[in-house]
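Engineer: With the sequences and hints as input, model every part of the structure.
There are 2 protein chains.
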Amino acid sequence: MGPSHMGLEKILELTRQSASRFVTTTLPAAPVLARGTFGGTLVAQSLLASLYTVPTNFVPTSLHCYFISGGDPNNMIAYDVEDLRNGRNFIHKQITAYQGQRLIFSSTILFAKEKHDHDSLHFL
Amino acid sequence: MGPSHMGLEKILELTRQSASRFVTTTLPAAPVLARGTFGGTLVAQSLLASLYTVPTNFVPTSLHCYFISGGDPNNMIAYDVEDLRNGRNFIHKQITAYQGQRLIFSSTILFAKEKHDHDSLHFL
Numbered sequence: 010m011g012p013s014h015m016g017l018e019k020i021l022e023l024t025r026q027s028a029s030r031f032v033t034t035t036l037p038a039a040p041v042l043a044r045g046t047f048g049g050t051l052v053a054q055s056l057l058a059s060l061y062t063v064p065t066n067f068v069p070t071s072l073h074c075y076f077i078s079g080g081d082p083n084n085m086i087a088y089d090v091e092d093l094r095n096g097r098n099f100i101h102k103q104i105t106a107y108q109g110q111r112l113i114f115s116s117t118i119l120f121a122k123e124k125h126d127h128d129s130l131h132f133l
Numbered sequence: 010m011g012p013s014h015m016g017l018e019k020i021l022e023l024t025r026q027s028a029s030r031f032v033t034t035t036l037p038a039a040p041v042l043a044r045g046t047f048g049g050t051l052v053a054q055s056l057l058a059s060l061y062t063v064p065t066n067f068v069p070t071s072l073h074c075y076f077i078s079g080g081d082p083n084n085m086i087a088y089d090v091e092d093l094r095n096g097r098n099f100i101h102k103q104i105t106a107y108q109g110q111r112l113i114f115s116s117t118i119l120f121a122k123e124k125h126d127h128d129s130l131h132f133l
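Those sequence lines, one after another, are chains R and X. Heads up: the first sequence begins at 10 in the numbering used here, then just goes up one per residue. Heads up: the second sequence begins at 10 in the numbering used here, then just goes up one per residue.
Honestly, the hints are just simulated from the structure, not real lab data. Treat each hint with caution, since some may be false.
[To be verified] Listed next, the stretches of chain R that the computed footprint assigns to chain X, with coverage defined by at least 3 CB atoms under 8 Å from CB atoms of chain X:
{"hint": "1", "region": "18-28"}
{"hint": "2", "region": "51-62"}
{"hint": "3", "region": "73-86"}
[What the hints assert, rightly or not] Here are the simulated lysine to any residue pairs, SDA-like style, with alpha carbons at most 20 Å apart:
{"hint": "4", "chain 1": "R", "residue 1": "122", "chain 2": "X", "residue 2": "78"}
{"hint": "5", "chain 1": "X", "residue 1": "19", "chain 2": "R", "residue 2": "22"}
{"hint": "6", "chain 1": "X", "residue 1": "19", "chain 2": "R", "residue 2": "36"}
{"hint": "7", "chain 1": "R", "residue 1": "19", "chain 2": "X", "residue 2": "19"}
{"hint": "8", "chain 1": "X", "residue 1": "122", "chain 2": "R", "residue 2": "78"}
{"hint": "9", "chain 1": "R", "residue 1": "19", "chain 2": "X", "residue 2": "82"}
{"hint": "10", "chain 1": "R", "residue 1": "122", "chain 2": "R", "residue 2": "103"}
{"hint": "11", "chain 1": "R", "residue 1": "122", "chain 2": "R", "residue 2": "98"}
{"hint": "12", "chain 1": "R", "residue 1": "19", "chain 2": "X", "residue 2": "16"}
{"hint": "13", "chain 1": "X", "residue 1": "122", "chain 2": "R", "residue 2": "75"}
{"hint": "14", "chain 1": "X", "residue 1": "122", "chain 2": "R", "residue 2": "77"}
{"hint": "15", "chain 1": "R", "residue 1": "122", "chain 2": "R", "residue 2": "61"}
{"hint": "16", "chain 1": "X", "residue 1": "19", "chain 2": "R", "residue 2": "35"}
{"hint": "17", "chain 1": "R", "residue 1": "122", "chain 2": "R", "residue 2": "94"}
{"hint": "18", "chain 1": "R", "residue 1": "122", "chain 2": "R", "residue 2": "66"}
{"hint": "19", "chain 1": "X", "residue 1": "19", "chain 2": "R", "residue 2": "82"}
{"hint": "20", "chain 1": "X", "residue 1": "19", "chain 2": "R", "residue 2": "18"}
{"hint": "21", "chain 1": "X", "residue 1": "19", "chain 2": "X", "residue 2": "87"}
{"hint": "22", "chain 1": "R", "residue 1": "122", "chain 2": "X", "residue 2": "75"}
{"hint": "23", "chain 1": "R", "residue 1": "19", "chain 2": "X", "residue 2": "35"}
{"hint": "24", "chain 1": "R", "residue 1": "122", "chain 2": "R", "residue 2": "63"}
{"hint": "25", "chain 1": "R", "residue 1": "19", "chain 2": "X", "residue 2": "22"}
{"hint": "26", "chain 1": "R", "residue 1": "19", "chain 2": "R", "residue 2": "84"}
{"hint": "27", "chain 1": "R", "residue 1": "122", "chain 2": "X", "residue 2": "77"}
{"hint": "28", "chain 1": "X", "residue 1": "19", "chain 2": "R", "residue 2": "16"}
{"hint": "29", "chain 1": "R", "residue 1": "19", "chain 2": "X", "residue 2": "36"}
{"hint": "30", "chain 1": "R", "residue 1": "19", "chain 2": "X", "residue 2": "18"}
[Said to hold, decoys possible] The following residues of chain X were derived to be distant from chain R, with all beta-carbon distances above 12 Å:
{"hint": "31", "residue": "24"}
{"hint": "32", "residue": "87"}
{"hint": "33", "residue": "97"}
{"hint": "34", "residue": "99"}
Every residue, glycine too, gets a C-beta built ideally from N, C-alpha and C.
Structural biologist: What follows is the structure, encoded as structure tokens:
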């Protein structure tokens, strides 16, 4: 795994507080000239948090998210991962991100069981 | 801007090849124990590429994406940004990511013009 990925995993790193709650370990920085947290960080961390809650043979197939309110780069973020549905072949997760009581972001992610033929959706 | 964000911007960095095409500058690494590129990188880079093509007073409101095929961590990625619609208050972008001829990921992002009252969606 290249050095760049060590950086990404370090930057996105989450600490597990409970079965379904994860919090950031570094402040969610804003890009140059921007006031709020970079949206890509929110999406990537919500995906990471949900990956901790599904079996390793399930891969994400689609993700949908809403950038609800600006992320404050001086505040940690808490991600809550909820089961919409937990089936044998498909798992639906809903992730909401909070800074204090403020809802800043929400995403829903559909995971599918990986099939080991060439048509597996995505080996993550 | 904290050190962590310098790392993220460096890792996600894209080079502009044309008005609508952007390519990665570092290889899209895979997370520990994984074979394919981390999905969060694809989403974040597609958002970054589209941000280069909209006025700075437009902010993302929703994003939808499909993880279509595993990203090869040993190959660069090209992101093509296409206009679905370019209005005065709303802009729709469609981004497709390729490794060679292989389509690996696609996202659609809705941007809204930022309003400078407390209810602006997201200051990025």
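Engineer: Next, verify each hint and record whether it holds.
Structural biologist: Each hint tested on the structure:
1. Counting residues of the region 18-28 of chain R whose beta-carbon sits less than 8 Å from any beta-carbon of chain X gives 4, enough to reach three: the coverage restraint holds.
2. Remark: the region 51-62 of chain R is confirmed as covered by chain X, as 5 of its residues place a Cβ nearer than 8 Å to a Cβ of that chain, reaching the required three.
3. Counting residues of the region 73-86 of chain R whose CB lies closer than 8 Å to any CB of chain X gives 9, so the stated coverage by that chain holds, three being the minimum.
4. At most 20 Å may separate the alpha-carbon atoms for a hinted pair to count; residue 122 of chain R and residue 78 of chain X meet this at roughly 14 Å.
5. Proximity of residue 19 of chain X to residue 22 of chain R is assessed by CA-CA distance (about 17 Å); at most 20 Å being required, the pair is judged to hold.
6. At most 20 Å may separate the alpha-carbon atoms for a hinted pair to count; residue 19 of chain X and residue 36 of chain R meet this at roughly 17 Å.
7. For the given pair, residue 19 of chain R sits about 14 Å from residue 19 of chain X by alpha-carbon distance, which is consistent with the 20 Å threshold.
8. Between residue 122 of chain X and residue 78 of chain R the CA atoms are separated by roughly 14 Å; this keeps the pair inside 20 Å, and the hint holds.
9. Between the alpha carbons of residue 19 of chain R and residue 82 of chain X the distance comes to roughly 18 Å, so the proposed pair stays at or under 20 Å and holds.
10. With a C-alpha separation of about 18 Å, the suggested pair residue 122 of chain R and residue 103 of chain R falls inside the 20 Å cut-off, and the hint holds.
11. Restraint check for residue 122 of chain R and residue 98 of chain R: the C-alpha separation of about 5 Å stays at or below 20 Å, so the hint holds.
12. Annotation: proposed proximity of residue 19 of chain R to residue 16 of chain X holds, straight-line Cα distance about 10 Å (limit 20 Å).
13. A threshold of 20 Å between alpha carbons decides the hint, and for residue 122 of chain X with residue 75 of chain R the separation of about 15 Å falls inside it, so the pair holds.
14. With a C-alpha separation of about 14 Å, the suggested pair residue 122 of chain X and residue 77 of chain R falls inside the 20 Å cut-off, and the hint holds.
15. Note on residue 122 of chain R and residue 61 of chain R: the hinted pairing holds, with a Cα-Cα distance of about 15 Å set against a maximum of 20 Å.
16. For the proposed pair residue 19 of chain X and residue 35 of chain R, the alpha carbon gap of about 17 Å is at most 20 Å, so the pair holds.
17. For the proposed pair residue 122 of chain R and residue 94 of chain R, the alpha carbon gap of about 14 Å is at most 20 Å, so the pair holds.
18. Restraint check for residue 122 of chain R and residue 66 of chain R: the C-alpha separation of about 6 Å stays at or below 20 Å, so the hint holds.
19. Taking the CA atoms of residue 19 of chain X and residue 82 of chain R, the gap is about 18 Å. The hint holds against a cut of 20 Å.
20. Between residue 19 of chain X and residue 18 of chain R the CA atoms are separated by roughly 14 Å; this keeps the pair inside 20 Å, and the hint holds.
21. Taken as a hint, the residue 19 of chain X and residue 87 of chain X pair is honoured in the structure, with Cα atoms around 17 Å apart against an allowance of 20 Å.
22. At roughly 15 Å between alpha-carbon atoms, residue 122 of chain R and residue 75 of chain X fall within 20 Å of each other, so this suggested pair holds.
23. At roughly 17 Å between alpha-carbon atoms, residue 19 of chain R and residue 35 of chain X fall within 20 Å of each other, so this suggested pair holds.
24. At most 20 Å may separate the alpha-carbon atoms for a hinted pair to count; residue 122 of chain R and residue 63 of chain R meet this at roughly 10 Å.
25. Of the pairs offered as hints, the one joining residue 19 of chain R and residue 22 of chain X holds, with about 17 Å between alpha carbons and a cut-off of 20 Å not exceeded.
26. Restraint check for residue 19 of chain R and residue 84 of chain R: satisfied, since their Cα atoms lie roughly 17 Å apart, inside the 20 Å limit.
27. Our distance criterion of 20 Å between C-alpha atoms is met by residue 122 of chain R and residue 77 of chain X, whose separation comes to about 14 Å.
28. Using a Cα cut-off of 20 Å, the hinted pair residue 19 of chain X and residue 16 of chain R holds, with the two alpha carbons roughly 10 Å apart.
29. Taken as a hint, the residue 19 of chain R and residue 36 of chain X pair is honoured in the structure, with Cα atoms around 17 Å apart against an allowance of 20 Å.
30. Between residue 19 of chain R and residue 18 of chain X the CA atoms are separated by roughly 14 Å; this keeps the pair inside 20 Å, and the hint holds.
31. Every CB of chain R lies more than 12 Å from the CB of residue 24 of chain X, the least distance being 15 Å, so the non-interface label holds.
32. Distance check on residue 87 of chain X: its Cβ is at least 18 Å (rounded) from any Cβ of chain R, clearing the 12 Å threshold; non-interface status holds.
33. Residue placement check: residue 97 of chain X keeps its beta carbon more than 12 Å from all beta carbons of chain R (closest about 20 Å).
34. At roughly 14 Å from the closest C-beta of chain R, the C-beta of residue 99 of chain X stays outside 12 Å, upholding its exclusion from the interface.
No hint from the list above goes unmet by this structure.
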